[in-house]
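Below, each chain spelled out in residue letters.
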Amino acid sequence: MSIGGSDLDKAISQLRACRPIPENQVRELCYKARELLIEEGNVVGVDAPVTICGDIHGQFHDLMELFRVGGDVPDTNYLFMGDFVDRGFYSLESFLLLLCLKVRHPDRITLIRGNHESRQITTVYGFYDECLRKYGSANVWRYCCEVFDYLALGALVTGAATSLPPTSAPLADNANPDSFPSDDSEIEVETLNAQGEIMYRYARNSDSQSSNPTSNPASSSPIAPTPSRTGAAGTGATSSANGSKSNDTGAVLCVHGGLSPLIDTIDKIRLLDRKQEVPHEGAMCDLLWSDPDEIDGWGLSPRGAGFLFGADIVKCFNHRNDLSLIARAHQLVMEGFKEMFDSTIVTVWSAPNYCYRCGNVAAILELGEDGSNAGFVRRSNGERGGGGGGWILGSNVDGNGNRRLSSVLGEGALGQRARDGPGRRYRVFEAAPQDSRGMPAKKPVADYFL
Amino acid sequence: MTAKEIPNLRELLGPRRGGLSRDRGRGRGGPGSPREGAEALKDNAVRGTDQDAAGSRASCVELGYLHDPYAKLFATQTTTRRLPLLNRGTYVRTSAIDLLVDKFLNTSPDTPKQIVSLGAGTDTRYFRLRDRYPETRIVYHELDFPTNTAAKLASIQRHAQLHEKLTSKPPPNPLTLDQTATSYFSETYNLHAIDLRSLTSTTDNVTIPSLPNLDPTLPTLILSEMCLVYLKAATVSSILQTFLEKYLPSPTPVSLILYEPILPNDAFGRTMISNLSTRNIHLPTLLAYPDLGDQRARLRSYGFVDGARAADTEWIWKEWVTEEEKERVGALEMLDELEELEMLLRHYCVAWGWRDGGGEGVFTKAWDDVAERR
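So the sequences go chain by chain: A and B.
Residues in the first sequence are numbered from 1 upward in steps of one, following UniProt numbering.
Residues in the second sequence are numbered from 1 upward in steps of one, following UniProt numbering.
This is chain A alone, in the form it adopts within the complex (with noise of 0.2 Å):
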């Protein structure tokens, strides 16, 4: 009954196919999996590459697209940032396919706690419900919520490159070339759609000093990106020995919901006793309910738990903890990943057409390996490229003008920024489709007003 190798592999098997597996399998999946999470810290080191992924929700054949898009366990290292369960009506595979992968390759893949993953949250929120229907008793659902509180809260990623390096890539069929830095830049920014092909690429700006001393990073204004957009990355800070290990980019901080007043420095976080439920309030519930919002310093959350955090508590918690971005999850964005306060925070959101009714595509973030663009050689003479601070980016993804894809990407001018953000590939995928489902029982069928 021991589930270990050839049983593991078995059971990966059928939970890909969507189909539960036996209530004792996933006893001994649990435990096992309890066993591993408990030698892992609070905030588990991660070293790139690796892609990060935002909320599930249970919408198991759109994890599926995922996949897909971002290549199969163990070939791309995976790390998800929590909200494996809820709202979809597959979690219980979503969850237990994770974990089994998990168990199978411990060092491909890492899961991070959210605030979903927590007893009394899946109560109202639908997987205990599943549990309760796909089994007849509450007992899985104990299972896996004891694996919840034994997940890390957070991850740090180190090793990860400045840039990106060039791909060979085909463009999308709307994507616009023109607007695109010439050959030699380095590439900070990509964005690419689910059939691999590249939508939008950014060079790096120099950040040495403010051209833009009236920009604002967070303002909608539609702004498209500059076509005059050519230079290379430029002087100063970004400047590095080529190839070397130096950090030249800080450490990337991957948490659910993002920072707590409580918590000022990585090593505190390390110091919470992190082995319970999710409580009401506190470091370990703030980690995982906060959010970033257009204010200065703190304010209450409209949650009802955590709190909401401006640009400054971000920069600077930024700069204490050499850390180039966090990393989070929890809000839903419509164009799958949203940059703000000048690139310092992004949120990445990979639950596409969520709850099969908000529309919504959704994206990954790969982060490259250090030493990936070994050899190349910065240019020094590049000019500053960039009109207006914040660039919205707007493309249709399917070539009829039915879906409008745009995105905020934060530059990053401010002085206080100590560290060049990695280079980001983001991969935007869409819903899988529903006809592909395995028709369940029930149609999936999203309530509204009648």
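These are calculated hints, taken from the structure and not from any lab test.
Not close to chain A: a few residues of chain B, all C-beta gaps over 10 Å, as computed: (1) K103; (2) N106; (3) P134; (4) I138; (5) P146; (6) S155; (7) Q157; (8) A193; (9) S201; (10) S237; (11) P284; (12) A297; (13) T322; (14) A371.
Pairwise CB distance ranges, derived in the manner of DEER restraints: (15) A:E197 with B:D369: 49 to 57 Å; (16) A:G299 with B:G48: 37 to 45 Å; (17) A:P279 with B:A288: 49 to 57 Å; (18) A:I295 with B:E324: 17 to 25 Å; (19) B:H159 with A:D273: 48 to 56 Å.
Stretches of chain B that chain A covers, calculated by requiring three or more beta carbons in the stretch to come under 8 Å of a beta carbon on chain A: (20) 83-92; (21) 326-338.
Glycine residues also receive a C-beta, built at the ideal position from the N, C-alpha and C atoms.
Fit chain B to the supplied structure of chain A, relying on the hints for placement.
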């Protein structure tokens, strides 16, 4: 980078399986034709929306969002707890319409008032208003499909709390209704079994169905909570013309409150349309009046010349609900799905328009200070 061994589910898609919608536009068939079958199915789907609304209301009441002792008497299924965002949305919808109705009934409380509720289904508003305004003379009318009115009468028959309110004086004995009855008429409550589409006035010669006890002179509020949205825009226009010109001719003061979805053309709106169409539910006026401005223009075009206002329910939650009440409601359930809630609320609106008919301006008095979304 793309994992080749994972099939692209999109590519496996065969030709779309034909839904009932495919029958539309295939020409007119005779009785029993696929076209007629599809229409009947659509009508059934629309009738079925009422139990959905009743369940949402019961969930809200159970959790303390709304006070409505009658909701559970009409819900035929046991109450399933709805998600917090749906409870919040039902709360906003109900309290917004309550606010407008209250302001109407509180204006010159001594004059009798008339309310016509279209597609009322199992709505409990009449019973709640009787409790709230025991001294005001209210002539209440509900119009719905016969299957829905029959079910409502059956529920009323079952519960003394309901049937004792059917007349202005409680009946001496337990009410006995004809088992086959689909309509009911009294001086205060009238349940009309009628297909609204029969109220379209194509020519002056066609006699319109009689609506017993509908007083052509009383200030009248017409309510459509997710009702007219299921009909074609031209049909709706014609039905309102019948009310404004035939049943309630000028100078009778008449108003209309609509609760409907808006913004069909963004990602959320498109998904809503496609999700509902799989349930055979179609919302023609959503496409005809996509935003708040269109809703206002539409009200004016019906003849509501003295006022035409609209606000989406996200705005209504922010602006109409007092801070104290927001705090009370916010504390009822932990609400995690904030972004989704805001998006959902943004896609529904309350629109209200009125014609005071040159009289003392009952609706202007009632609603002039009710803010809309500019």
